[in-house]
Structures are given as C-alpha cells and as structure tokens.
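Could you build all of it, start to finish, from the sequences and the hints given here?
Here are the chains, one letter per residue:
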Amino acid sequence: DAGITQSPRHKVTETGTPVTLRCHQTENHRYMYWYRQDPGHGLRLIHYSYGVKDTDKGEVSDGYSVSRSKTEDFLLTLESATSSQTSVYFCAISEWGGDGDEQYFGPGTRLTVT
Amino acid sequence: GQQLNQSPQSMFIQEGEDVSMNCTSSSIFNTWLWYKQEPGEGPVLLIALYKAGELTSNGRLTAQFGITRKDSFLNISASIPSDVGIYFCAGQTDSWGKFQFGAGTQVVVTP
Numbered sequence: 001d002a003g004i005t006q007s008p009r010h011k012v013t014e015t016g017t018p019v020t021l022r023c024h025q026t027e028n029h030r031y032m033y034w035y036r037q038d039p040g041h042g043l044r045l046i047h048y049s050y051g052v053k054d055t056d057k058g059e060v061s062d063g064y065s066v067s068r069s070k071t072e073d074f075l076l077t078l079e080s081a082t083s084s085q086t087s088v089y090f091c092a093i094s095e096w097g098g099d100g101d102e103q104y105f106g107p108g109t110r111l112t113v114t
Numbered sequence: 001g002q003q004l005n006q007s008p009q010s011m012f013i014q015e016g017e018d019v020s021m022n023c024t025s026s027s028i029f030n031t032w033l034w035y036k037q038e039p040g041e042g043p044v045l046l047i048a049l050y051k052a053g054e055l056t057s058n059g060r061l062t063a064q065f066g067i068t069r070k071d072s073f074l075n076i077s078a079s080i081p082s083d084v085g086i087y088f089c090a091g092q093t094d095s096w097g098k099f100q101f102g103a104g105t106q107v108v109v110t111p
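Here the protein sequences come in this chain order: F and G. In terms of this note's numbering, the first sequence opens at residue 1 and continues consecutively. In terms of this note's numbering, the second sequence opens at residue 1 and continues consecutively.
It is possible that part of the hints are untrue.
[What the hints assert, rightly or not] Taking lysine-lysine pairs in the BS3-like style, the calculated list, with each CA pair at most 25 Å apart, reads:
1) G:K70 with G:K98
2) G:K70 with F:K53
3) F:K57 with G:K51
4) G:K51 with G:K98
5) F:K70 with G:K70
6) G:K70 with G:K51
7) F:K70 with F:K57
8) F:K70 with F:K53
9) F:K57 with F:K11
Just so you know, these hints were derived from the structure itself, not from any lab.
Laid out in structure tokens, this is it:
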C-alpha cells in the first residue's frame, strides 16, 4: 500500500461540464502520474509530475490539464468533459525499489460523461 | 501508442493448471513490472525485474526478464480460483522515465 487515495471514486457528469479528480498520497513521493484505462487499450498516460509545479504531458493529454501545488496532491481537470472521456482514471506514484523504479496505483475513479 | 505486445489476451484454465503469459517489445527495457488487477480495483504490483535474465518468484508466481531485454514472462503455477483477474506487464526504458503497459491477459480459472 503506497498510501494513495483518489476522489471521487465514482462520478457521473454531463458533456461540457468541468470535472476535477484528485489524487492524494501520504508518503512524499516525487513522481505522480495520471492514467486512463479503457477496454482494448490498457493503461495510457495522460500527464505526470516530477515535483511541485513540474508537470509534463503523456500520450493522451488532449482535453486534460493537471496541477500540483503540493507534493501530496495531484489534480486532473477535464475542462469541458466529452463522452470520449468516459473511462476509469488511475493515479500512480513511482518509488525506488532498491534496484529500480516501482510504480504503485490508487484505487481508481470511474467517470461517466453523459 | 502502446508498444508492448502482451499475449495471450485471455486464458480459460482449470484449477491446478499452470499459466504462462508474456510481453514483447521492440524497445530495450531496463525494468519490467508485472501487475494483477481485479474488478473495480487498481493494479497491484506482483513482481519487479531489473536485470536481464533475472528470475524472480512471489509465491506461485514466477517472472523472468528476457535475455534480449525486449521481453518478459510470467508464470502462475497450480492455479487457484483467486488467481482470476487481469495481469499486466509494464516496461521502462530509463530510470525515473515513463512506463509502457501491455493490454493485459485475462485469466479465468474454473474449478
């Protein structure tokens, strides 16, 4: 357990509304990630952060923004939700496992855009 | 897009059988991770591999880091019903770099 929580765990929203998902970690990890998981695609990286206020895009970043004002919180915002953003969203952290990186995931947020 | 090929996509096996799955890539990796995901939950890290040829076990699970550094294998021995889930591989090319994920192997175990 890497001390990762996500909120909300489930959300239904309408097309065009803004949505913010929160990832919170309690163990001072520097690296945090947001992924989306869809059938047939596996996990795809949306954005990641390598420190407070330091973020970068992943492979599917269009339509998403992120912010990290504190080490423990990494926020994912859908500025104007679309039905194609219906997905399960996972937050993850990287931790040095002694010989290399290990990545740990939160419980996920299931988002439905109607 | 996804650069890891994971196979098979699904497996239907009887309790007690062994399971094997693998991931291959065109890229050379320095880290391979294997995860299990159950419905409604996040992926859980099972095994981490860091050296070519490395063989690591976690209970009935054994994973290997391929010699070419472009592939990895996961074996589950003597499967039990609680082995049901989706197993993912993940590979990393650089330390502190991003991971790439396989699409997953769904394992169904029948009594």
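Do the hints match the structure? See the list:
no., hint, result
1, G:K70 with G:K98, "holds, 16 Å"
2, G:K70 with F:K53, "violated, 34 Å"
3, F:K57 with G:K51, "violated, 29 Å"
4, G:K51 with G:K98, "holds, 18 Å"
5, F:K70 with G:K70, "violated, 37 Å"
6, G:K70 with G:K51, "holds, 12 Å"
7, F:K70 with F:K57, "holds, 19 Å"
8, F:K70 with F:K53, "holds, 8 Å"
9, F:K57 with F:K11, "holds, 24 Å"
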